[in-house]
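J.: Residue numbers (full-length UniProt numbering), protein chains in the order written: chain A, 1 to 708; chain B, 1 to 180.
Simulated from the structure, these hints should not be mistaken for lab results. A few of these clues could be false.
[Claimed, not checked] Listed next, the stretches of chain B that the computed footprint assigns to chain A, with coverage defined by at least 3 CB atoms under 8 Å from CB atoms of chain A:
| hint | segment |
| --- | --- |
| 1 | 35-44 |
| 2 | 122-130 |
[To be verified] Far from chain B, by Cβ distances over 12 Å, these chain A residues were calculated:
| hint | residue |
| --- | --- |
| 3 | Ile541 |
| 4 | Gly572 |
| 5 | Ser589 |
| 6 | Lys703 |
Every value quoted in this text rests on a predicted model; they were computed, and no experiment measured them. Just so it is clear, CB atoms sit at the ideal spot from N, CA and C, and this is done for glycine as well.
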Amino acid sequence: MTQFVVKPGTKNLQHRGEKLITTHCCYCGMQCGMHIRVNEKSGKVVGVEPRYDWPVTMGKMCPKGVTAYQTVDHEERIKKPLIKKNGQFVESTWEEALDLIEKNYKKLQAEHGQNALSVFGGVSMTNEKCYLVGKYARVALGTRFVDYNGRFCMSSAAGGFMKTLGIDRGSTLPWPELEHTDCFFMAGSNTAECHPTTIQWLWRARDKGAKMIVADPRETPTARIADVHLDLKSGTDSALANGIMHILVSEGYVDEKYVNERCNNYEELQRSVKEFTPERTAQITGVSVDKIVKAAHIFGRSPRSVVMFARGVEQQMKGVDNVSLYTSMALLRGQIGKFASGVATFTGQGNGQGGREHGQKADALPGYRKIDNPEHVKYVSSVWGIKPEDMPKAGVSAYEMFDEIQRGNIRSMHVICSNPAVSAPNNNYIWDSFKKLDFMVVSDFFLSETAEFADVVLPTTTWAEDEGTTTNLEGRVIRIRKVKEPIGEAKTDWEIMQLIAERMGKGEFFPYKNVPEIYEEFRLASKGGKADYYGITYDRIEKEDGVFWPCPSEDHPGTPTMFRDSFGTPDGKANLAAVAWQEPGEVPSKEFPHTLTTGRVVFHYLSGTQTRRTPFLMEQCPEPYAEMHPELASRYALQDGDFIHLETKRGEMEVKVRITKAIREDHLFIPYHWGKELSVNKLTSPALDPTSRMPEFKVAAVKIKKVL
Amino acid sequence: MRKVMYLEFERCIGCRACQAACRECGGHDAKERNYVEYVDFFENRQTYPMLCMQCKDPACAKVCPANAIQITEEGVVLSAMEDKCIGCRNCTFGCPFGIPKFDFEENKMYKCDMCYDRTKHEIAPMCASVCPSDAIRFIDHDEMMELRRRRTQMNLIEGKKPSENDKWEYVPEFFGVYSD
């Protein structure tokens with residue numbers, strides 16, 4: 001189960017009495033390679049050792065990665081199932097907790113129908129578990145309501161890629177190729193803080209003279225080193241991308257041969273970008289004309305370029321449009337499907353890529369199949385051993401599940417590996433919805449803000465106490481190894497789903513004795529789909545430093561570079577996006593005069609359930625703060641460290657001010673990793689993208705006043 | 001040990017992974033010995049890492065009245081020896097870089113030892129191992145010398161010439177720690 005895998009010639013420090021177990025970080029999509037140090041006698045996790053020979057990260061880690069092991073034997077771990085009695089959590093046995101779940105689930109389904117139950121999943125889990133969440137909801141519970149926190153994270157990227165390229169793989173090129181790129185166009189990505197170990201590749205390219213263009217309302221550590229920093233207003237990405245494409249077209253930077261052979265819609269695109277002159281683009285985005293022109297020329301002249309983006313462009317009401325437009329920029333330059341060039345999104349969650357491909361989504365089935373396609377349903381049903389007509393229909397997106405709760409349609413929710421009480425927009429609505437549920441189950445290893453609403457909390461294992469595979473932001477399938485036995489009575493998420501399935505009389509569909517058995521079924525379920533993992537085995541992952549999907553057979557080498565010959569669309573051609581300008585869901589008004597945007601800091605991960613319990617990270621960043629420009633601060637007579645009261649249409653909060661010139665004068669920025677009264681998501685907007693159903697976290701109109 | 005520590009301040013992204021990693025080093029008692037600071041947060045987000053220069057003739061050792069600060073044969077300046085340190089804190093004031101720290105509970109000084117248990121086997125110190133942007137590197141002496149000339153070389157390629165106002169930009173940004 002465990003071994004220390006190091007390539008010849010690589011030296012690592014091995015302490016006496018300890019063994020090293022080779023695995024990957026539990027946090028973001030970089031999935032940095034690491035060795036975990038385990039005391040051989042006690043079996044406890046004692047530290048971390050860099051994994052110098054992992055080709056994507058070369059031993060590099062961010063502070064979250066370095067301290068990730070500290071959550072494994074953490075004193076706040078939940079060790080036994082908890083049942084809420086008279087408003088207090090009481091430790092119980094698994095038997096008692098499962099009895100309660102069975103009783104309530106059966107009662108609710110008898111009274112309100114199959115779809116009274118729902119499952120809210122997450123993608124900080126292995127592929128095996130993410131795959132099983134979809135199966136658990138549809139087969140064990142028989143409900144159509146299943147969705148996951150990827151709706152808050154990367155579903156717009158998925159939607160945009162599907163529309164333009166036909167297949168959603170986060171990066172069309174492998175990361176080590178970035179070293180040979182000539183130009184990076186990065187939009188809405190604070191790579192230095194959110195995916196820090198990517199920076200080494202950017203610097204390697206820059207050492208050879210590569211240029212960097214960064215679009216971000218803040219001068220982030222990433223934007224600081226850019227050749228051009230396009231300091232746009234939040235929510236104006238579609239105008240910026242159209243503006244850049246206007247110049248690409250008018251200055252003759254378009255790779256006509258590539259576009260003619262491999263893309264549709266070029267004429268429509270030419271027509272739609274026509275009005276986005278540098279002047280009009282500057283007027284909408286707030287970026288100066290000079291910078292737009294300079295950026296377009298640098299990008300247009302670069303022989304090899306990569307367009308990269310992240311939550312900044314995706315967490316918008318027009319997220320899918322933004323992604324389609326930025327992807328079209330790369331297409332116009334003829335970059336996709338070639339060496340050291342292409343398009344990439346920075347997957348936010350550890351398994352954001354793999355977790356979104358295999359049926360955790362309301363309308364999806366394993367292998368990127370669709371639940372409204374009878375052929376797809378037939379195939380997956382045959383793998384699962386159910387009748388196609390027993391497959392529930394499509395459900396609704398994550399945020400819309402809370403609408404269903406409010407309408408009384410969803411009566412119970414099982415939250416697995418997620419903390420929507422912090423991470424969903426419009427928190428007050430979410431909290432109210434949780435209170436309206438008849439029965440709520442949460443699987444987690446810490447008592448998260450969401451778990452506090454639950455009737456039953458089931459203790460799960462951390463990433464180090466189970467094995468499996470994840471898919472990193474490149475699309476590379478990698479191995480997570482089991483480091484130690486689970487703490488207390490904690491069980492893995494797949495065991496929990498299996499136990500509940502047994503109670504619901506569906507145990508026969510979940511016969512797994514170990515993770516490889518789930519993986520074997522999952523490989524088969526993905527076979528023939530767009531995200532085909534069939535040819536990827538644990539052995540191959542080990543031997544080949546991970547395998548890139550699609551990989552349809554064991555003798556297939558995997559696909560590091562996507563779309564070399566054709567795209568995933570029915571006609572094999574990419575669809576260029578033609579999108580008109582549209583305002584974000586909320587624009588500053590007289591009453592709410594400023595723009596509030598949210599994001600991450602380097603010290604915390606998502607809702608902070610883990611990182612807020614890590615001492616080093618809390619010392620560095622104990623609480624949220626509002627970043628603002630001194631010009632805005634002086635209008636309210638604010639000094640660094642003063643408190644302000646912020647209010648949007650949905651909620652309010654008080655927070656400390658940090659003043660810096662590294663942000664637009666008309667914007668405020670608050671990191672979102674805290675819960676309850678410190679949660680900025682009380683203020684954020686639930687305006688959903690029409691395709692991806694992703695909320696607009698990045699733009700809210702806000703009013704502020706000084707707290708005296 | 002022909003390897004040196006090489007700092008490139010401009011690359012620092014302020015993530016403080018080096019500090020988190022410093023705590024992970026075997027003999028470091030979970031206390032970091034390096035620093036990351038903002039140049040001026042009001043102006044921008046530029047940060048820089050700072051660690052012991054492992055001086056040839058270290059002021060910290062010179063001002064120690066108890067001779068508690070030892071230098072290894074490779075030239076690494078170690079923390080004060082526990083049984084010798086009298087807790088006078090002269091070293092913390094004497095060091096021109098402000099590196100040594102003082103533990104008031106244990107009444108002793110502690111400082112960067114370049115992860116001696118790693119570097120004596122030519123394994124990179126924890127800070128240099130994890131630094132995501134290569135702002136801190138543990139590299140061959142020859143590679144460092146090449147990197148020193150690098151910036152000027154890039155300027156020549158791009159055809160830039162220093163003027164009176166930006167001469168400083170043409171000085172290679174580096175701090176090398178010689179250990180031999």
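J.: Tell me, which hint numbers fail for this structure?
T.: Every hint satisfied by this model.
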